[in-house]
Structures are given as structure tokens and as C-alpha cells.
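S.K.: Residue numbers (our numbering), protein chains in the order written: chain H, 4 to 465; chain F, 4 to 465.
No lab work stands behind these hints, which were simulated from the structure alone. One or more hints might be untrue.
Same chains, same names: a pair is fine if it fits in one copy or spans any two.
To be verified - Lysine-lysine pairs mimicking DSSO-like chemistry, simulated, CA-CA at most 30 Å apart: (1) Lys22 x Lys327; (2) Lys236 x Lys327; (3) Lys276 x Lys448; (4) Lys448 x Lys435; (5) Lys22 x Lys236; (6) Lys276 x Lys22.
Chain by chain, the residues run as shown.
There are 2 protein chains.
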Amino acid sequence: MKTTARRGPTEEISLEATKILARLIVASTPEDMPQDVLRAAHSCVLHWMGCSIAGSSEPSVEIALAAVSELRTSPQASLLGRSERVDMLNAAFINGVSADVLSFSDTHPATLIHAGGVIGSAILPLAQQRPISGAQWLHAFVLGFEVACRIGLAIYPWHYQRGWHITGTAGVFGAAAAAAKLLGLDEQKTTWALGLAATQSAGLRQMFGSMSKNLHIGRAAQNGLFSALLASKGFTSSEQSLEAPRGYLNVLGNTPNIDAITADFGRRFEILKNTYKPYPCGVVMHPAIEGCIAVATSQDISAREVARIVLSSNPLVLELTGKKRPTTMLEAKLSVYHAAAIAVICRRASQYEFEPAIVLRPDVMHLRDRVVVACDASIREDESRVQIDLIDGRCYEHHVRHVAGSAARPMSEVEIEQKFRGLVQGRLAQHKAEALISAILALEKLDDVAVLAELATPDPSS
Amino acid sequence: MKTTARRGPTEEISLEATKILARLIVASTPEDMPQDVLRAAHSCVLHWMGCSIAGSSEPSVEIALAAVSELRTSPQASLLGRSERVDMLNAAFINGVSADVLSFSDTHPATLIHAGGVIGSAILPLAQQRPISGAQWLHAFVLGFEVACRIGLAIYPWHYQRGWHITGTAGVFGAAAAAAKLLGLDEQKTTWALGLAATQSAGLRQMFGSMSKNLHIGRAAQNGLFSALLASKGFTSSEQSLEAPRGYLNVLGNTPNIDAITADFGRRFEILKNTYKPYPCGVVMHPAIEGCIAVATSQDISAREVARIVLSSNPLVLELTGKKRPTTMLEAKLSVYHAAAIAVICRRASQYEFEPAIVLRPDVMHLRDRVVVACDASIREDESRVQIDLIDGRCYEHHVRHVAGSAARPMSEVEIEQKFRGLVQGRLAQHKAEALISAILALEKLDDVAVLAELATPDPSS
Chain H
4 MKTTARRGPT EEISLEATKI LARLIVASTP EDMPQDVLRA AHSCVLHWMG CSIAGSSEPS
64 VEIALAAVSE LRTSPQASLL GRSERVDMLN AAFINGVSAD VLSFSDTHPA TLIHAGGVIG
124 SAILPLAQQR PISGAQWLHA FVLGFEVACR IGLAIYPWHY QRGWHITGTA GVFGAAAAAA
184 KLLGLDEQKT TWALGLAATQ SAGLRQMFGS MSKNLHIGRA AQNGLFSALL ASKGFTSSEQ
244 SLEAPRGYLN VLGNTPNIDA ITADFGRRFE ILKNTYKPYP CGVVMHPAIE GCIAVATSQD
304 ISAREVARIV LSSNPLVLEL TGKKRPTTML EAKLSVYHAA AIAVICRRAS QYEFEPAIVL
364 RPDVMHLRDR VVVACDASIR EDESRVQIDL IDGRCYEHHV RHVAGSAARP MSEVEIEQKF
424 RGLVQGRLAQ HKAEALISAI LALEKLDDVA VLAELATPDP SS
Chain F
4 MKTTARRGPT EEISLEATKI LARLIVASTP EDMPQDVLRA AHSCVLHWMG CSIAGSSEPS
64 VEIALAAVSE LRTSPQASLL GRSERVDMLN AAFINGVSAD VLSFSDTHPA TLIHAGGVIG
124 SAILPLAQQR PISGAQWLHA FVLGFEVACR IGLAIYPWHY QRGWHITGTA GVFGAAAAAA
184 KLLGLDEQKT TWALGLAATQ SAGLRQMFGS MSKNLHIGRA AQNGLFSALL ASKGFTSSEQ
244 SLEAPRGYLN VLGNTPNIDA ITADFGRRFE ILKNTYKPYP CGVVMHPAIE GCIAVATSQD
304 ISAREVARIV LSSNPLVLEL TGKKRPTTML EAKLSVYHAA AIAVICRRAS QYEFEPAIVL
364 RPDVMHLRDR VVVACDASIR EDESRVQIDL IDGRCYEHHV RHVAGSAARP MSEVEIEQKF
424 RGLVQGRLAQ HKAEALISAI LALEKLDDVA VLAELATPDP SS
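All chains, full assembly: derive it from the sequences and hints.
M.R.: See below:
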């Protein structure tokens with residue numbers, strides 16, 4: 004550590020946060036990972052792969068791959084859920100797009116970052132270029148997750164409110180850190196990799212509801228991996244890319260909490276706070292969905308009887324998922340109106356209920372127009388009060404205190420396994436799916452992570 | 004046009020600037036280009052190619068190419084000044100890096116955007132994928148230049164002062180627009196291409212003095228081309244990516260001047276205001292260099308006699324080029340202290356005087372420590388007052404009212420040709436250099452622009 008006798012620790016961090024973070028990344032070893040962190044990482048890796056495999060033939064992925072195909076890339080790396088291969092940077096990109104496309108990703112509640120898909124997509128292709136053990140890879144994954152969420156914590160909520168899609172803009176640092184670790188970069192080169200990530204950080208929330216939202220996850224993975232690759236060859240960047248007056252934290256943030264980046268690094272792990280979604284859509288509308296399903300099921304309500312549905316929710320619900328009349332799957336996944344309607348009509352909210360055929364069904368469109376959202380800042384993000392008024396005058400209420408999948412009511416490891424099986428069903432042969440689960444749940448004992456990429460692609464016959 | 008009877012034109016633009024811009028791009032034709040605009044474009048293309056060829060073996064380029072080589076790309080497109088070929092997106096990237104590395108680029112004075120290298124690098128690789136006539140290509144180049152500078156005008160100076168490297172962050176739109184035009188995108192897809200550019204816009208001024216500054220130009224070219232390629236396949240984005248409350252102009256800008264983007268589009272051309280540098284370094288320190296050369300030459304001053312050099316300059320000089328003790332070429336190019344020293348000692352400021360051997364020479368280091376910069380907001384960016392005090396008490400002054408290469412004293416077409424010849428000397432065979440000049444100065448008559456890429460690469464024997 005630099006000799007800074009007359010400066011307190013906070014001031015030191017604010018003066019050289021980038022270098023300190025690089026030093027912490029370089030110093031960390033697989034042996035530093037507690038057992039509960041490894042288990043949390045197993046769930047996160049399994050869950051991300053399931054989402055990517057399930058999303059791998061959506062239009063966002065097909066179209067992105069059509070563009071990449073114009074480059075006639077070398078077949079270096081696998082695409083999850085698909086039989087094509089592309090070069091490692093484009094594999095990071097396409098796998099990132101497929102991770103996000105169903106809006107079914109893991110969520111770090113304090114920042115709304117969906118980190119798993121960014122970090123995993125960035126470093127899986129590396130394992131197909133050189134032998135990487137499960138222990139090394141899982142450690143890099145945890146480090147990358149940690150870096151992304153901590154940089155997010157330093158600038159959330161101002162950054163997100165300004166209009167930045169934080170999964171992309173903070174995720175790129177995690178991707179760079181994880182890749183830097185696997186490439187064995189020293190402190191100098193890790194510092195450059197973080198700077199290269201900072202200066203490629205991009206992604207606007209304005210894109211929500213379009214394919215470009217999915218692009219952010221792919222580009223964060225790809226740009227992070229490219230940052231580490233460039234730095235490994237000696238490509239230089241600023242060494243104060245985070246903390247400088249014109250560095251990342253001050254240009255894309257406002258009065259950042261710089262200490263959040265390095266305080267208790269290696270002792271506190273953000274991945275332990277990660278959450279998983281029961282429904283494939285914007286996480287803030289989950290409480291409303293759970294409440295609507297509960298009322299419709301318990302009272303056996305049919306859509307024809309409903310006069311109106313009143314959702315009392317946290318204000319973020321309208322801000323993030325306020326699309327009144329969605330016409331596509333990507334829009335429906337950010338429409339609390341659609342979600343409430345299908346929750347009542349179908350009494351569930353699986354991928355099927357967000358497909359265009361359902362989004363454009365007359366009864367669904369009719370009911371969603373009877374949904375009213377009442378924003379109330381005293382209601383938490385994982386909470387909702389649902390009231391359904393019937394035409395005949397009856398009125399039912401349900402209070403979701405903490406929705407399933409929230410930090411207070413987390414999905415169990417077994418439930419995540421079940422979710423994975425549901426996601427990959429029909430896309431992977433069952434023996435491959437079970438082999439993938441077994442490999443990931445003991446990832447730190449795997450000799451070569453390339454096996455994961457092979458198991459996550461369909462058999463030629465399937 | 005949308006029917007908006009009760010809205011004035013300004014309000015209409017602020018409500019749908021992205022779509023209006025897309026419509027203007029689609030409607031523009033090569034026949035719309037006035038003769039003086041074509042001539043200005045000839046100079047800009049010639050100048051950019053010269054800078055890229057001259058910069059093509061600098062470390063930033065070698066290292067970036069070493070990273071790209073790990074991808075084993077297909078040999079789709081040429082690299083200016085080099086014999087290797089890579090895929091078209093990576094060609095856009097590497098050519099963009101080489102365009103910037105010498106800090107010798109063209110400058111749009113009102114925004115400080117160096118547009119030529121971004122736009123040219125983005126669309127030259129396309130001409131090696133499909134037949135593109137000189138008239139089409141030059142038209143797309145002018146359109147891209149226009150779009151980049153107009154989006155820059157909408158957010159300058161707040162955006163630049165905040166810390167964004169505007170050549171990258173606005174340049175990506177120009178690259179996307181030019182590529183969209185050559186790919187023949189319709190209004191819908193051009194709108195998406197602009198949105199894809201918006202959500203990939205990145206680059207921090209904090210990187211100045213490191214290789215990552217060069218990266219910004221390469222990535223803007225590459226990301227702009229990729230935006231158009233994705234949109235051409237149907238990849239969607241927001242359709243209000245510029246003007247929405249959480250769109251580009253409001254997230255990366257502050258109270259933007261949205262009208263600047265489309266007002267008089269096709270009647271006023273920003274490329275007519277483009278300027279070219281006599282010295283390969285930060286443009287704001289040029290007046291000081293000219294003043295120092297003038298005094299040192301006219302009074303035959305030797306460095307040993309100098310007590311101090313006082314530069315009265317616009318405040319941007321210290322803000323952008325205030326590096327007191329540079330150690331690398333990239334740092335020296337942003338050090339007014341180094342520049343003043345070599346201007347007095349060498350009485351010129353060519354690429355040679357920024358090489359590490361000169362940057363680290365004891366007499367240069369000694370003299371630069373005697374340079375004092377006095378900032379004065381009443382002095383324009385193209386102006387400087389130089390005072391050199393000698394040890395024996397003599398004192399000489401020189402006032403540079405408008406530096407050579409500024410808008411008020413622009414480089415002539417012939418001078419730009421001469422600069423090109425100097426840049427490519429020793430890198431291209433003379434017959435190729437002259438053929439390239441001839442082809443570019445009549446670009447609108449060229450059948451196939453792929454010829455330019457071939458002429459701009461060295462013979463196997465050279």
C-alpha cells in the first residue's frame with residue numbers, strides 16, 4: 004500500500020480507488036472464497052445458463068447473430084443453446100443477449116443489476132481458448148460479480164435515475180475484472196482493464212422495451228472481455244479512471260460513494276444478496292402479479308366479472324413498467340398492465356403469457372385497460388396491495404408483503420434447480436441438462452470449464 | 004411529416020428529433036451535395052487517410068491489432084498503411100485507432116470533434132464488401148460528418164466539460180448514419196441505427212494521454228458501423244433515442260439545443276468549417292507553438308539563454324494540455340510545456356519532436372520546466388501571446404492573432420495535399436501516394452471505392 008500517513012483510509016480510497024481495486028482483484032485467490040459464497044455462485048451460474056439457453060432462439064438473438072454472421076468469424080466459442088460457434092468476443096456478445104432476452108435474470112436488489120449474465124457471458128468463451136479449472140473460473144465469476152455490484156453501489160440511485168441501464172454500465176467492470184483475473188493480469192494491467200471498461204461503459208434505459216436493452220448485456224460482457232484482452236497486450240488507459248474528477252464515477256454519477264467499491268472487499272460478498280425471479284418480466288411488477296394470481300385463484304374470478312384492478316405499488320413500478328398498451332414480448336415484459344391482466348386470466352405468468360399471441364389477445368387487451376396503478380412511496384419494491392373490484396359489487400383484496408424471489412423470501416437452491424429444468428426443457432437433452440446441473444453444483448471440482456460450454460449446446464440431432 | 008397543426012416547428016423537432024433526422028438522412032442524395040462541399044470532403048478524406056497511414060505502426064495500433072489477432076478474424080478488409088487484413092468491424096476499429104494516434108486529425112472548431120477519422124474508418128471497410136461508387140461513398144461521408152457535428156453542437160460545451168470525449172460520443176452517430184446510408188436503410192431502420200449508436204456512445208476525456216484516447220475513435224467507427232449492420236437485420240431500439248427525457252441528449256447532455264441537429268439540414272454544411280492542424284498535437288496549443296517558433300527563429304534564440312517562457316493563452320490550453328512532465332509520446336502531445344520547449348529548441352513541431360527520444364532529452368526537460376502558462380479567458384482558442392525572457396535581461400514578445408490551420412487562417416487545399424505527402428512518405432510507394440491523391444480529389448467520379456483501400460496499403464516489397 005502507498006504510504007499516506009497523514010491521510011485517512013477514506014481519503015486514500017477516493018484518491019486511488021482504481022489502483023486499490025486492481026490490487027484487491029490481483030490479491031484475491033480461490034481459497035479466499037467462503038463455502039456459502041461458492042454455493043451462491045453455483046446457483047447464479049446455473050440460473051444464468053438456464054436463462055440463456057431458454058432465450059437462445061428469440062428474435063433479439065437471431066437478429067444479432069445474423070449481423071455477426073456477416074463477419075464470418077472463426078468458430079472459437081460456443082453459443083449457449085445453439086449449435087453455431089463464433090469468435091470469443093462475439094460469443095460473449097450473443098450469449099449476453101440471450102441471457103437478458105426473457106427478462107428472467109437474477110437481480111442484485113440494492114442496485115437492480117442483473118450481473119450473472121454479464122459476468123458469465125464474458126468469461127465462458129475464455130474457457131474454450133485455454134484450460135481453466137472450475138475453481139479458477141468460479142472464483143473469477145464471484146470477483147466479477149462483486150466488482151460490478153460494488154461499482155453500482157457507488158453510483159446508485161442517481162446513476163439509474165439519470166437514465167443509465169446499470170446492468171450494462173456497471174456490469175462491464177465486472178466482466179473486465181473477471182476476465183483480467185482469468186488472463187492472470189498484474190496490478191498495472193488490471194488497472195488498465197478497469198480503465199478500458201470505464202471508457203466503454205454505455206447503455207440507456209430509454210432502450211427498455213426494445214432489443215437494444217438486450218444488447219446492453221451482450222456489449223457489457225463483450226467490452227469487458229475486450230478490455231482485459233487489450234490490457235493483457237499492453238494497451239494503456241488512465242490509472243484514475245474511477246475516481247478522477249473526470250473519471251467514470253463523477254461523469255456517470257453524482258457525489259459517488261467511493262468507499263462502497265473497496266470497503267470490506269473479500270469479507271462481504273454481494274452475491275449472497277442476489278435474488279431470482281419467479282416470473283420472466285420486470286422484477287418490480289412481481290408483487291402485483293403474485294397478488295393478482297392469489298385473488299383470482301382463491302376467489303375463482305373470471306375476467307368477464309372484473310370491473311377494475313387497483314394495484315397499490317412502489318413508484319418504480321410505473322417508472323420502469325408503465326407501458327400501457329404493449330404490442331411485443333419485449334414491451335409486455337415491462338407492462339404491469341399486461342402482467343396484471345394475464346395473472347388474473349391465466350392465473351400464472353410464465354414465458355408463454357408474454358408471447359405476442361397472448362399480448363394481442365382481445366380478452367387480455369380488454370382487461371389490461373381496466374388496470375389502475377396507484378403509486379405509493381411507502382410501499383416497498385417487493386410489496387404490493389392488490390384490489391379487484393367485480394361488476395356485481397364484490398371487492399377482494401390481497402396484500403403481498405414480500406414477493407416470492409425477493410431478498411426476504413428468496414428462491415431456494417432446489418427451486419433454482421427446478422427453474423433451470425423448466426427453462427432448458429425441450430432445448431437440451433435431459434441427460435445433458437442433468438449433467439450440466441451436476442457439473443455446476445460442484446464447479447470448483449471441475450478440471451476444465453470448457454465442458455460447461457459443450458453441455459449447454461444442443462445435440463446435433465435435437 | 005406528422006400532422007402537428009398546433010405545434011411549432013421547434014416543438015415538433017424536440018418531440019421527434021430522431022425520426023426527423025432519420026428521414027433527412029434517407030431523403031438526402033449525392034445530387035444534393037454542392038461543389039464546395041465535395042471539395043471540402045476531398046480534403047477531409049485525403050487528410051484522414053494520410054494521418055491513418057502515418058500512424059499505422061504506432062504502439063496503440065500494434066497492441067490493438069495484437070488483441071484483435073487473438074480472434075483469428077476473416078480477412079475482409081484492409082488496414083490503412085499495413086498489409087494485414089481483418090474483418091470489417093475490426094478494420095473500422097483499427098483504422099480509427101491509427102487515425103487518432105498522432106493527434107494530427109482534422110478539427111471541427113465549434114465542437115472540437117475530429118470527425119474525419121471516425122466517419123472514414125467506419126465506411127471504408129463496407130466498400131470492400133460490396134461495390135460502392137465514389138459518389139455514393141463521398142455523399143455518405145459528408146452526411147456522417149454532418150450528423151456527428153450537429154449532435155455535438157446540440158450538447159457542446161456542457162457535454163465536453165462534463166468529461167465526455169465528444170469525438171467518440173458524438174462521432175458514433177455520424178458513423179452509424181454514414182453506414183446506414185451505404186446499406187440503403189429505410190427510415191425505420193435508420194431510426195434504429197441512430198438509437199443503437201446512442202446506447203453505445205462512450206468515451207471519457209480522463210483517458211487523454213493514454214492509448215484509450217485512440218480507442219475512442221476506433222470504437223466510435225466500429226460501433227457506428229455495427230449499429231447500422233444490426234439495424235439492417237431488424238434489431239430494434241427506441242425511436243426517441245435522442246430527444247426522450249432519458250434519451251442521449253438529456254442523459255449525456257444538459258438543456259440540449261435540439262434544433263441544432265436538424266435546422267437547415269442539407270443547406271448548411273459543417274464540413275465547410277472543418278480545419279486541419281499544422282502540428283501533430285492538441286489543437287489548443289498550436290498558437291503557443293507558432294509564437295515560440297516565431298520568436299526563437301527571428302531572434303535566433305538558443306535554449307541556454309532562456310530564463311522563462313510565458314504563454315498567455317485561452318484557459319482550455321491548461322485544461323486540455325496541462326501535462327507538466329510528459330514521459331510518452333501520447334502525453335507529450337497533450338503538454339503545452341513540452342510543445343513550447345521543442346518549438347524554441349527545434350524551431351519546428353513535427354512528429355519527430357514528440358517521439359520519446361526527444362520527450363526525454365535533458366535540454367528539452369530542462370526548458371519545459373521554465374514554461375509558465377497564464378490563462379486569460381479574453382484570449383481566443385486560436386490566439387496566443389508569447390513572451391520569452393532571456394537570462395541577460397532581453398525580452399521578446401509575439402502575438403499570434405489567428406494560428407495557421409484555424410478557421411480564420413485555414414490550410415489551403417494545396418497545403419493539405421503537401422501534408423498528406425509528408426505523412427505517407429516512406430510508408431507508401433510514391434506512385435501509390437500520387438494515385439491515391441488523384442483518386443480522392445475526384446472521388447465522386449470513382450467507380451469503386453475499394454480501390455482506395457488497396458492504394459492505401461503498402462506494396463509487399465516495401
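S.K.: Reference check for the pair lysine 448 and lysine 435, CA-CA at most 30 Å: within, between, both, or neither?
M.R.: Intra 18 Å, inter 59 Å, cutoff 30 Å: intra-copy only.
S.K.: How would you label the pair lysine 276, lysine 448 (within, between, both, or neither) given a Cα cut-off of 30 Å?
M.R.: For lysine 276 and lysine 448, the Cα distance is within 30 Å only inside one copy (24 Å; across copies 63 Å).
S.K.: My question is about lysine 22 and lysine 236: at a cut-off of 30 Å on alpha-carbon distance, are they close within one copy, between copies, both, or neither?
M.R.: within (19 Å within a copy, 42 Å between copies)
S.K.: Between lysine 22 and lysine 327, at a C-alpha cutoff of 30 Å, which is it: within one copy, between copies, both, or neither?
M.R.: between (46 Å within a copy, 22 Å between copies)
S.K.: Which holds for lysine 276 with lysine 22 at a C-alpha limit of 30 Å: within a copy, between copies, both or neither?
M.R.: The answer is within: 26 Å in one copy meets 30 Å, while 42 Å across copies does not.
S.K.: First find the shortest C-alpha distance between lysine 236 and lysine 327 inside one copy, then the shortest across copies, and answer within, between, both or neither for a cut-off of 30 Å.
M.R.: between (49 Å within a copy, 28 Å between copies)
In the structure shown, no violation is registered for any of the earlier numbered hints.
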